[in-house]
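Undergrad: Listed below are the residues making up each chain.
Protein chains: 2
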Amino acid sequence: MIQPAIRPTKGEQTRAAILDQALAIASRLGLEGLTIGTLADATGMSKSGLFAHFGSREDLQLAVLERAATRYGNAVLMPVLGIERGLPRLRALFERWLDWTISSGLPGGCIMISAANEYDDRPGPIRDAVIRNQRRGNAVSEKAVRLAIEEGHLRPDTDPEQIAFELLGIVLASHNHRRLLGDKETRKRALTAFDELIARHAAPAQPRARSAPR
Amino acid sequence: MIQPAIRPTKGEQTRAAILDQALAIASRLGLEGLTIGTLADATGMSKSGLFAHFGSREDLQLAVLERAATRYGNAVLMPVLGIERGLPRLRALFERWLDWTISSGLPGGCIMISAANEYDDRPGPIRDAVIRNQRRGNAVSEKAVRLAIEEGHLRPDTDPEQIAFELLGIVLASHNHRRLLGDKETRKRALTAFDELIARHAAPAQPRARSAPR
DNA sequence: GACAGTTACGAACGTTCGTACTATTTTAGC
DNA sequence: GCTAAAATAGTACGAACGTTCGTAACTGTC
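Chains as they are written, first to last, in this note's numbering: chain A, 125 to 338; chain B, 125 to 338.
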């Protein structure tokens with residue numbers, strides 16, 4: 125699955141450059157708004173030259189999705205693994221998730237969110253890929269919640285799936301508000317929602333916080 | 125603003141029929157996926173004959189959006205006005221809002237939600253219309269919350285905007301989950317989230333026990 | 001520096017896009 | 001039932017769509 129990464133050949137370099145441009149366009153216009161012609165113009169390549177790197181438009185769209193997922197993993201998931209388990213990590217995950225739209229450096233919104241909307245009624249490989257990504261993201265959230273339960277930060281009867289569901293809601297509402305209404309207070313609202321959600325499921329104060337060695 | 129509605133002329137009838145079809149298509153493929161050609165096929169009309177009813181594709185899209193808003197008003201907003209103010213009305217509003225995607229009879233998802241995603245980076249009249257609709261919906265939610273505060277059902281320090289924000293999140297997450305993952309328990313999750321959100325801001329128990337739901 | 005392999009281009013394919021203009025048919029008031 | 005108006009169809013347009021193909025220009029290796 126991991127590329128050898130010995131030395132990137134010319135083709136791989138251009139392919140990567142193309143995908144960067146494609147990512148930028150797709151973030152603004154959606155995966156369905158990404159077209160070979162406009163992408164060729166954006167990269168300064170010919171349509172045919174660009175096209176040769178991907179067998180079809182659909183393959184291009186899938187590649188864009190995969191690249192977005194990789195970036196997301198690097199920018200959001202990876203860093204939080206270094207943070208101590210439980211509530212701190214859960215909160216870090218949420219914050220990075222929330223800020224991903226901005227920190228991604230992409231001009232438009234989150235591709236995963238827009239793709240989820242675009243393809244919820246368009247069966248095919250792209251929809252399947254979107255669903256896989258969604259499932260993976262969900263699983264990450266749930267696991268973070270579960271760890272917080274194990275660490276004694278959240279009550280044992282907390283339902284990880286329910287929390288993951290509500291966290292997704294906060295992020296979606298935040299994405300919507302920020303991009304459409306330009307609401308400056310959006311981030312504060314999201315954090316407030318997070319804090320109250322967590323507070324509702326927080327374990328009663330312990331005699332002494334159990335800090336795990338290692 | 126209200127049509128004379130004396131007797132619908134032939135053209136108005138056709139226009140309405142076209143818009144119904146357009147609504148169905150746009151709910152599945154999005155407003156950007158709605159094209160004159162496919163709509164002409166779906167209605168059995170010629171492209172030019174259909175086109176004459178709207179001066180441009182953009183006007184068609186705007187008309188679709190407006191019709192969707194009208195339907196939404198009739199199916200979600202109007203009915204809840206008959207329900208007693210406060211929590212009962214707020215809950216009814218939320219439930220109808222939640223079920224709107226299904227009860228609308230449209231084959232695809234909610235047009236407002238998909239349009240919000242499609243046009244958050246496409247400036248123009250459509251985006252403006254989407255924003256207006258979003259603002260109106262927000263205002264309705266906030267007002268319902270405010271009434272619940274006035275009725276003494278929610279604590280006075282409750283922030284209506286914050287609640288409206290979180291309600292939007294629940295609906296969005298629900299829409300996402302249901303349409304993408306086909307999660308059967310989505311509705312239950314949404315209601316749980318709603319209940320806990322409300323419980324968190326509920327006014328302290330009154331002398332008189334709160335009556336059973338409805 | 002020659003050679004094979006990779007990479008990019010230009011031109012063209014058939015379709016579909018939105019829209020404009022002109023006919024033809026259908027509706028509605030007399 | 002006639003007639004003006006309204007509604008629909010027909011035709012054509014330039015542009016953009018994804019894709020194919022043959023060929024030119026590179027790239028890296030010996």
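These are calculated hints, taken from the structure and not from any lab test.
Check before you lean on any hint, since a few could be wrong.
Given that identical chains are not distinguished, each listed pair holds provided it fits within a single copy or across any two copies.
What the hints assert, rightly or not - No more than 16 Å apart at the CA atoms, straight line, and that leaves these computed lysine to aspartate or glutamate pairs for EDC-like: (1) Lys-267 x Glu-208; (2) Lys-134 x Asp-165; (3) Lys-267 x Asp-319; (4) Lys-308 x Glu-285; (5) Lys-171 x Glu-190.
Undergrad: Give a verdict on every hint.
TA: Checked hints:
1. Lys-267 x Glu-208: within (14 Å within a copy, 42 Å between copies)
2. Lys-134 x Asp-165: Neither: 20 Å inside a copy, 46 Å across copies.
3. Lys-267 x Asp-319: neither (18 Å within a copy, 24 Å between copies)
4. Lys-308 x Glu-285: between (30 Å within a copy, 13 Å between copies)
5. Lys-171 x Glu-190: neither (22 Å within a copy, 38 Å between copies)
Taken one by one, the earlier hints fail for this structure at numbers 2, 3, 5, listed in ascending order.
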